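A.B. asks: Using the hints provided, position chain B relative to the given structure of chain A.
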Amino acid sequence: MRAVSQGYQMDSVTRAYALYRVRRFLQTPYKVAGAVLIILLAYFIIGPLVTMMQTTLTWQSEDLRYAPGVSPGTLTLFHWSRVLFGRTSASMLWKPLMNTMAISVGVSVLALAIGGVLAWLVVRTDLPFRHLVSELAVIPYSLPSWVIALAWIVVFKNRQIGGVTGLFEYITGASPPNWLSYGIIPITLCLALHYYSFAFTLISGALSSVDAELEEAAEMVGATRAQILRKITFPIVLPAILSALILTFSRAVGTFGTPVFLGLPVRFYVLSTMLYANMENRFVSNAYILALLMILISAATVYANTRIIRARRSFVTLGGRGFRRRLVKLGRLKGIVTLLVAGFLAVGVLLPLVVLVWQTFMLIEGDFSPSNFTLHYWIGLPNPRFAEGEAGILRNPMILGGAWNSIRLALTTALITGVAGTLVGYVVAKGRHTLLGRAVEQLTFLPFLMPSIAFGAIYLTMFSRPHWIIPSLYGTFSILVLTCSIKSLPYSARSGISSMLQIGGELEEAAEVAGASWFTRFRRILIPLSKSGFLAGFLLTFITIMREMSLIVLLVSPSTRTLTTMTYRYNEQGLNQMGDAITVLLVTLILISNFAIKRVLRSREETS
Amino acid sequence: MSRKVLLSVLVVLTLVMLQAGLAWGETPQEKWLKDAKLGPYAPAAEDWQAIYEAAKKEGRVVIYSMSSRVFKLKTLFESAYPGIEVIPYDLPTNTQIEKIKREQASKVYNADVCLLTGGSLIIHDLVKSHLLWNFVPPEVRDVLPPQYREPIMGHHISMKVVIYNSEKYSEPPVKSLWDLTKPEWKGKVLFKDPFRDTGNMEWLMTVIQHSEEMAAEYKRVFGKDITLTTENAGQEFIKMLVKNGLVLMSSDGDIAKAVGTKGQKDPPIGICDYGKMRDVIDGKLVFNVAFDVKPVTGVFQPAFLGIVNQAPHPNAAKLLIKFMMGDKQGGLGLEPWHVPGNYSVRTDVVTPAGAKPLSEMNCWMPDFEYIYYHTAEFFDFWLSLL
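If you're matching them up, the sequences are chains A and B in order. Residue numbers for the first sequence follow the numbering used here, beginning at 4 and rising by one. Residue numbers for the second sequence follow the numbering used here, beginning at 3 and rising by one.
Chain A with its partners taken away, still in its complex shape:
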């Protein structure tokens, strides 16, 4: 009897303890959120990877073109051995791989240098017109990445490709050498001019959250300016620098438009263009192998990054105290620096835009005379002589519909990922040293490693038929939103994580002691403090999706086409004025929305 009751007691104790553990788990919001996130992320991110892997290891119906006898669906190592060691592996893999690596490293370093210096100048010095500079500096990022490449061609086009030669030859009389016109050097430069805004945005965000008191304290104990920069400022912005470096690197690995326009004439291939070639010709398995290798490269980078981050200490800079910023005086250098910045913005940012806008006013391409000026491509009525008889873009219901789709898609995606990113940030920041936190962090970053074009292709495969509880999404707007949201999660997650990391635990702890519920804490403390991070993530996503092409080009259906998928088609057909007019419309929309969103959020801040 006694033994029985003891057993019963023991049992009830363990049960109570288990219950306590469960309740404790459920009361630890970051764990619950983390568990839900893990399940969702595994489904949406690991799932596609498995599908990809499966495809590369089985015979596909397309392979009947190689090997008429095989039965599709059976296992094979054929694709891997062909890509890695086959007779064409040098052209298919190794040469493009080396080109990709060289370009990605070059772009990351260059972009970081440009973006970092600009960010420091704008945030921490008394450079004049700082606000204007920071507005202008993010413009290249809102252009589709191949726009700078197109502008480059207009300037540096040489005689190799006949027709009207570029502005360079027009001015100097000499034909630019091939290495300057096409291939690795222009690709690297153009991409750096596009991607530096990444480093700029992230680093200026980090720099503006550095409390000047830290630096003043150092100054008071006699540190020099260089020492302060090296010992205080730099370590604090290091996470942002590393993030920028990695984001740039993986973007550069997966970029497609620029290498196509500047590499094709000299038959210069990188992994992404080779992947596209395989995809286009429906050698899907080869394409997936290249994609998996690209993912591997980026994963290795991230691994290196986490090693570095783990080694460094983390800093809490947003405490419960007051906060202010102090500007470094540029002094005698002010004039020169201002001139350099102005020159950079004029050449790197405004020139491509001017070239683009100019192009849309030329009735016949390349004829710069005033008599050739026209508004036909903007507001013209259909005329069979030009643009295949299509009406100007502002009269064209199809293009206006595309504009609405672009905005709708970008807003929805930015909102979804903004919220998801904040949640991820919370889970990761709270669970920094737990397996859960690390797993969520790694998983959310994975989509970034997948080249857009491959990512789109996988989602097309997965969701064009009912998949578990998800109905067939083919041709719907939802599949665009889903794909874009998952693909851009890394952006918002990164900004969510870094802003959450900067918020000291003491604030939330204090609120908890005072009896605030988790929801209240989240709403009253975490959201307001991480708002600038949320906003940065929201805007980045919005802009990225507005100008996204390779991710959705396979997924759009006629009624869900966006401006980018239209412009690319026009440019590809050589109807450059139409394509460029659409790009100008796109950029205008991005700039207006950007301005409007900032305005709305600022006014809300003032009223609250």
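Okay, derived cross-link-like pairs now, DSSO-like style, lysine-lysine, Cα gap no bigger than 30 Å in a straight line:
#, chain 1, residue 1, chain 2, residue 2
1, A, Lys-98, B, Lys-184
2, B, Lys-188, A, Lys-98
3, B, Lys-286, B, Lys-188
4, B, Lys-286, B, Lys-358
5, A, Lys-98, B, Lys-241
6, B, Lys-103, B, Lys-58
7, B, Lys-103, B, Lys-130
8, A, Lys-98, B, Lys-245
9, B, Lys-184, B, Lys-358
10, B, Lys-39, B, Lys-324
Honestly, the hints are just simulated from the structure, not real lab data. Since the model is a prediction, treat every value here as computed from it, not as a measurement.
C.D. replies: Here is chain B on its own, set in the frame of chain A:
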């Protein structure tokens, strides 16, 4: 004994039920074919008035087209058949095939009509698997050559040919395809990237298939037998072309512009869609086709027309297709494609003004069976040259 009887009765019953079930439970595809009067249910003659009435009820017709001239078609059709809206989509052939396959797999029926090139893929990936149905308006059946009647109807023929700047050169500067591999054209031959255009892939593969003619032509030009470092004379030609600095371009429009821009001192040569000739007629560019290049000046590229499986607007689709086939003079529906560089597949249509008759165009016709089964091999060969 009684067991056996019971069993046989059961078997018979099952068979009868199965039979009945098959008859009653016809597939949606079959029902659609019957309703649309397509495939096995196509009548010998169509009642176009009834089709127009039915099409008006459908209200619209969605067309995927690899040619952007489909936007002109929209205006023309809507004025000829009021009450039916054309929703045109300009999609490259590869994208169309990919889309149709996906859409059909997920039972999304968006498109009604497809206009596309790439014969080998159309036949193997769409027609054989009943994703695209052939519809030949009875009125044109007799004026179509057999290869454009079955398995899928042709619409127009375009071709990629050798073009040169006619302002700089009063005579074609090249007389043979092999001339393009000579040092004076080093880095000055433009060609659309075959990875991005099935037409250009077919162009090169057709040259390989005609290796014997290429070898004979080599001997005529260089006065000696060709020494092969590859498998055949066609491959050798392509290899020499690439080694001579072949410039890959992203569109035929860009090639036409590069070759045909006025006032050039040293213009390049291009292999380009003959249809770009429209820019010459409009006075925008100056180039001409090197018609007498041997053994051929280029390769044909037929475009095909079909009705998508379970299309939501089959009557409007039929009407649109009939309209697009035009009449003897070209006609409204054919007008966008009745221009120099394009030829109707109909044998009775007059040659577009300002163009050579099709019979005088010295081009090879791609062999789609050969192409389908050699694409992978060619892909590898081309890769090895990069």
